[in-house]
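2 protein chains.
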Amino acid sequence: MLAVSAVVLAACGNQNKMSSNSGSTKTELTGSNSSGNYQSVIQDGHYQTSKSSGVNEQQTSNQFNLEGFQHGLLDISKKEFDPSKYVFQEGQQISTEQTYNWLGRKTKDNPDGLNPEQPDKQVVPEYLQQIDEQDFLQQTGGKLQLKGMTIGLGLNSVYYYTKEKYGAQYSKKLSDDEIQAKGKEMVNEILKRMREKPETKDIPIVIALYKAAPDDSLVGGNFFAYSMNRAGSKSVDTWNKINQKNYVFPTAGNEKVPNANDESSFEQFKNKAQSYFPNLSGVTAQAQYTDGTLTGMHVNITTQFYSYTEINSFTQYLQTAAQKYLPRNVPIEITVGSTNGVQSYLNRDRDARKFTTHVFNNY
Amino acid sequence: MLAVSAVVLAACGNQNKMSSNSGSTKTELTGSNSSGNYQSVIQDGHYQTSKSSGVNEQQTSNQFNLEGFQHGLLDISKKEFDPSKYVFQEGQQISTEQTYNWLGRKTKDNPDGLNPEQPDKQVVPEYLQQIDEQDFLQQTGGKLQLKGMTIGLGLNSVYYYTKEKYGAQYSKKLSDDEIQAKGKEMVNEILKRMREKPETKDIPIVIALYKAAPDDSLVGGNFFAYSMNRAGSKSVDTWNKINQKNYVFPTAGNEKVPNANDESSFEQFKNKAQSYFPNLSGVTAQAQYTDGTLTGMHVNITTQFYSYTEINSFTQYLQTAAQKYLPRNVPIEITVGSTNGVQSYLNRDRDARKFTTHVFNNY
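Sequence order for the protein chains is A and B.
With the working numbering applied, the first sequence corresponds to residues 484 to 846, in that order.
With the working numbering applied, the second sequence corresponds to residues 484 to 846, in that order.
No lab work stands behind these hints: they were computed from the structure.
Treat the hints with caution; some may be incorrect.
[Stated by the list, open to error] A short, non-exhaustive set of chain A residues, derived as facing chain B with CB atoms under 7 Å:
1. G514
2. H554
3. T623
4. S764
5. T767
6. Q769
7. Y772
8. Y808
[What the hints assert, rightly or not] With a Cα cut of at most 30 Å, we get these calculated BS3-like pairs of lysine-lysine:
9. K837/A with K509/B
10. K509/A with K755/B
11. K837/B with K562/A
12. K656/B with K807/A
13. K626/A with K562/B
14. K739/B with K755/A
15. K656/B with K755/B
16. K807/B with K561/A
17. K807/B with K807/A
18. K534/A with K534/B
19. K755/B with K630/A
20. K561/B with K755/A
21. K568/A with K568/B
22. K755/A with K534/B
23. K561/A with K534/B
24. K739/B with K837/A
25. K568/A with K648/B
26. K807/A with K755/B
27. K630/B with K509/A
28. K724/B with K561/A
29. K626/A with K561/B
30. K626/B with K755/A
31. K837/A with K656/B
32. K568/A with K837/B
33. K561/B with K837/A
34. K837/A with K724/B
35. K739/B with K807/A
36. K755/A with K509/B
37. K837/B with K509/A
Positions of the beta carbon are idealized from the N, C-alpha and C atoms, including for glycine.
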C-alpha cells in the first residue's frame, strides 16, 4: 500500500506538470530519492526556500544544533504526516519578519516577542533560540493544498549574556523544568496565533520542543516533547514525550552513556583504526540514543593527507573492522577526511548486513 | 572463477594469521571492499605506507596530478596483475632517498639523477616530476612474496623555472614527442636498475608514462603509454599506447571535447541545477575520455550553505535531473558541497540503472 502510493506521487512529479492555486505557475515535484523520504515542491523550476531558516542561521552559534534540529523535526513530521501521502515544502506561513519578532524579547516595539521582557539590571534568560516550520501538502481537486504543518522550537539549555556591550560573556544554566515550562507556554501562544491565519486555521499542526546543546558541544541537542494538535484546536491537549539524547564518543570526564557496551565497542574499533597509519589524528563518534537504546552513530575519522591507494586500502580495512567491532542493527555512517575534505565514507543502514563504501577521487 | 579466487583470498585475510618471511611479524589482509579491488597487506596491524609517495607530495604542485596519477596507475596494474590473484602493497623497493635522487638532476653529487644536467646559464627542462611504485604479492609456500611490480613516471608537460633565486617564474611548454622520448629513455634506465636488485631481478615489471597537467589545470594529466616487461628483461620490448584524456566542463575558450553531445548534456543538467536555488555558485565536471569515448564523469556542485531539508530536496531533484540529462552507461559521481564540506553525493556505476544518493548530516 505504501509502495503503491509512493509510485503514484512519483508519477505525478515525473510526467505531469500540475497546475497550482494561482493558475499560471508550473508546479513540479522532486523525485523521491529513497523510500521513506518526502517529495518536495518546485515552482517554475525554483525551490521555495524556508522563510525562517535563514534567521536561525544567524542566531544559532552551534552548527550541530542547526542540523540536528531540522533533521530531528523531519523525523517527527514523518510520524504524523506519512511521506507517501504528503508532499514536503519548506515553511511558507511564518514570515521572515515574524520569525525575527517572535525570537526577540517582548518590548513595547515588539509585542510579539516570545522571549520575556528584561527589566533594567536584571538577568532574565532568553529561552527561545530557533523556530522552524515544515509544511505538508496534498493534492485536492487538481491543486496542491496545505494540509498539515510542523513547527519546532529550539530552546536554550544555557543562557549566554554580557553585562555591558562588548563585555565579558557570562552563562547561566537553565533547568530542564524551566525549559519545559517556558517552552510549553510558547507552544500554546504560537498555536493560538496560527489559528488566526486563514491558511492554518483548520489544519493539524504538530509542535515540537528541542533543547539545544551548549555552544561548545560537539553534538547537537535533542527533542524532548511534541504535540499533535488536531484541526482547529487552540491549545495543546496532550504532550508526547521524546526520550532521545546524543553523545560524543569517547565520552569526556565522568559522563555515562545508556549502554556502556556501545562505547567499548567503539573504543575497540578506534584502537584498530588508529594503529593502521603512523599518525592518524582522531577518531570520534556522535551516538544517538532513543529510549535508552543506540539508534544511530556517525563516526568521524580525521587523517593527515594520504594518497589514493592508502585511503582505498584504509577504507577496506575500516569496513572489516567496523563490521567486526561496531554495534549491529544500528544505522552507522563513517566519514574519513582530511583538511582537504572528505576522502571516503562507509555506510550501513539499520537492516543492512554489510557496509557499503565509497572512495572519492579526481581525474 | 574470478569470484571463487576472491573468496579464497578474503578467507585468508579474515580467518588466518599468515606467517610472513621473518617469522615473528603477523601479516593480515584488508578485506576486499568490492569486486575488482585489491586486498592489501597489514604488518602487525600497521599499514606499510609508500616510500615514494611522500616525496611526490612535496614535488607536485597540482593536486589533481597526484590523485589522477595514483588512481590511473592502479587501473593499469589491474590489467596485468589480476586483483583476485595478487595482493597489493605500497611500493617498498625504491627507497625514499632513491626517489629523491632519481627525481633530481644528474650532478657530480647525484649521479643517479634522471633529470638532465644543467650547464650554467642554459635552460634545460626537468622532465621527471613524480615516481610511484606499486607492489603485487602472492602467497607461495605459506609466505607472501613479491611477484610483480608497477612503476609510474609522471612527466612535466610544462617546465617551470626562475632565472634567479626567488625571481619571476617562467615556463616552457614541452612537446609530446620530447616528453615521450625522454620518458622512454628513463624507463630503460629504471628497468636496468631494478634488475640489479635481487628482489626485483626476476619478476614482471610494468612501467607506465604519465603526462602531468600544467599547474593551473582544473583536471589532472593522463597516462599515454605502458610496457609490460617480463621477468628478467632489461630493456623495453613493446610499448602499449594509452589514449586517455581528461577535460573540464564547461570547456574554456575553443577547446574541443571528443564528443560534443556529452558537453551539451552536461550543460542541460547544469542549467536545471542552477535554476533550483536562488544563488548556486558553480556546477563543473571532470570528464575522462578513453579512445575517444566518455568513460567517467565527476560533477562538482558548490552551494552557499543550505539547510538539511534544502539539501535533501535538492539531492532528490539532482537525482531526477542527472538521470534525465547526463550521458548513460558511464560511471558518474556528483558531489554537492559548501565551504563547510561535502553535503551530499550521488553515484551511478557503469552498469547501474539508477543513481544512489547520500545526504551527510550530524546529530
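State the violated hints by number, sorted upward, taking the hints as numbered earlier in the document.
Checked against the structure, the hints that fail are numbers 3, 4, 5, 7, 8, 12, 13, 14, 15, 17, 18, 21, 23, 24, 25, 26, 27, 28, 29, 31, 34, 35, while the rest are satisfied.
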